[in-house]
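Peer 1: Please model the entire structure based on the sequences and the hints provided.
For the protein sequence lines, the chains are A and B, in the order given.
Going letter by letter, the first sequence gives residues 876 to 1191 in our numbering.
Going letter by letter, the second sequence gives residues 876 to 1191 in our numbering.
Please keep in mind that the hints were generated in silico from the structure rather than gathered at the bench.
The reader is advised that the hints may include incorrect statements.
Intra- or inter-copy, both count: the list cannot distinguish identical chains.
[To be verified] No farther apart than 25 Å at their CA atoms in a straight line, the calculated lysine-lysine pairs in the BS3-like style are these: (1) K1169 / K989; (2) K1149 / K1169; (3) K1027 / K1146; (4) K1060 / K879; (5) K941 / K879; (6) K1027 / K1169; (7) K1146 / K1060; (8) K1008 / K1042; (9) K1070 / K1060; (10) K1060 / K1169.
2 protein chains.
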Amino acid sequence: MIIKINEVGTRDGLQSISTFIPTAVKTLWLDEEHACGVREIEVCSFVPPKLIPQFSDATDVVEHAKRLSGLTVSALVPNLKGAQRALELGVDKINYVLSVSESHNLANVRRTTKESVADFERIVALVSEHQGKKPKVVAGLSTALGCTIEGKVTHEAVRTLALLMLKAGADEMILADTVGYADPKAVKQLFQQVKSDLGPIPITAHFHDTRALGLANVCAALEAGIDSFDASLAGLGGCPYAPGASGNIATEDLVFMLESMGLNTGIDLTKLIKARQTICQALGDHPYHGTIAKAGLPIGFELSQSQSQSQSQSPH
Amino acid sequence: MIIKINEVGTRDGLQSISTFIPTAVKTLWLDEEHACGVREIEVCSFVPPKLIPQFSDATDVVEHAKRLSGLTVSALVPNLKGAQRALELGVDKINYVLSVSESHNLANVRRTTKESVADFERIVALVSEHQGKKPKVVAGLSTALGCTIEGKVTHEAVRTLALLMLKAGADEMILADTVGYADPKAVKQLFQQVKSDLGPIPITAHFHDTRALGLANVCAALEAGIDSFDASLAGLGGCPYAPGASGNIATEDLVFMLESMGLNTGIDLTKLIKARQTICQALGDHPYHGTIAKAGLPIGFELSQSQSQSQSQSPH
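Peer 2: Shown next, in the form of C-alpha cells:
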C-alpha cells in the first residue's frame, strides 16, 4: 500500500520562526526533500508579507519549487487575494484554510466561517475561469478535532462544513488537528464519517504532536482508510505560547513508522535523516523535535518492498 | 472499559541513573503515585547490589510500598536468588525477566534462554512450597519485538517461549519491546497471536518510546485486546548509549491518551502531572521526557466517566 506524505514544514514550520530565513535555505530544503523522494510540498503561505514577513519571498520559492520534477507544489491561501497570487504563479494546489470553530476562524483569518465559505466559492470560480493550468483547490479544515478557544469541536460541525466545502467545489480536503487536541478514538471516528460523507475525493490528515499523540493518531486515520498525511521535517513548528510543545508530526518519524509497518512512502529514510541534518544546520538554532534521527534505525530495518526495489536499482 | 497502568519508572527508570537516589525520594515517588490512583508499581529490582547499587535499599523500599493500601507491589527478579529475597519480603508479584533473543539473554542475565526457563521452573516450585502469602509469578519476555544484538525477533520465537513459560507455571505474562524496535503492525499481530495462544491469563504490554512509536504501539495493543500497560513517569529511563533517546512511554502521556479515548485508568491525571513535578524535583537533574506536562491539558478535557464520578465524590 502506498501512503502519500506531504512536507508542510516549509510553511507550517517556517511560519513559527520570526527571523527571516534566507530564500537559499528554503530552496535547499525543497531540493533536499525532493531528492529523498518527497513528492508534495506546501512551499509557502500567501499571506500579506506585513503579517508574516517570513513568506515575503514566496514568489522566488514557488518558482524554484516548480522546477523540481514530479513535485506537486502546494501553497496555503487564506483568502481570494492569496489565491490570485497562487494562481498567477502557477502552483499545483491551492490549500485554502478555514476553521471549523467560529472563534478560531475569526482570530485566524478575521471573518466568520460563513464568510470564509463564500470566499472559497469565489476562489473556485476564479480558478474555473482561469485560462492557464488549473490548480486543484483544496479545503483545509482547521480545528477539526478541537480548538484552543472553544474547546470541543463536534464531529457534526466538521461534517457539515466538509459537505459545504465539497458543494462549493473543493477537489480535495484536509482535516487538521491544528492545536494537538485529537485522540485516536476521535480521529478514527471522524475520518470514517467524513470519508463516508465525501465519497471518493482525497482526504489528507494533518496532525500536530503537541500532546504526544500525533503518530497514534496517524495509525487511527490509517484504519479509517486515510492514505495522505502532512508532516514537518524535525517536527518544526509549534506554538509560541507553549514552550517545548512540538509542532507537526516529524516527517522522518512518520516515514519510519509507516515503512516499519510495511507501507510504502516512496521516501528514502536514510537519506531523509541526512537531509534533516543538512537542513537544520542551514536553518540555525530552532526548537527541533523528532526521535528517529537521534535513536537511529533498528538493526535489520528494511524499507518497504517497492522502496527497497527502487533503491537496489539505483547505481551505487 | 478499565485499563490497568503499572508504574515501572521506580525500577526501569531508576536503573538508568548511576548516582544513588535516596530511599526517601523513592518512597516519596511511591506515595505520590499511589495518591493519584496508581495501583501497581514495580518498586525495585532484586539484582545483586554490586551490579546495580541503585537497588541496594530494595528491602526498605518494599517494606514501605507494602504499607500503601490496595497497591500491588511487584519487583523485577533476574534469577532464583532474587526470587528468594522477593518472596521473603512478601511482594505481590515476582516479575521474572528473560529475553526471547539468546544473545540478549546471555548479555543481560548471563545464561542461555533454556537455562532461564529452568530457573523459572525452580522459582515456581519455590513459590508453590512457600508457606506464607504466595506472590503471583510473572514471566517478562524481553526483546519480544526486536533485539539490538540480533535485530529481528520472529513472532514464532516469542510464541514458543511464551507457551514454555505458561507450561512452566507463569500466572501472568509481560511482552516487552525492551529496545524500542516495535511498530504498530507487528504489535497488533504479535499480541493477537500470543493472546490467542495463552488463553485467559493476563498479558501486559511494556513499550519503550525510543523511536517515537510508544503510544501508537499502545493503540495497536489495545486493538489486540490488551488492557494492561507498563509506563514510567516522565519517561524516565532510556539507553545510556543513545543520548536523547527516551525510555519507557511516559505514564502521564499514556494516561492522557487513554482517558481522551474514554478509557478509564482510575488515575487522576491533573494530580499525576503535579506529582511528576514533585518527583522530578526530588530526583534532581536527569533526562525527563513526556509531553502533556509541558503542553497542558486541552480546554474542556474530561477524565473518563467513572474517574470523573469518583472525583466529584471527593470532598473538595
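Peer 1: Which earlier hints can't be squared with this structure?
Peer 2: Violated: hint 1 alone.
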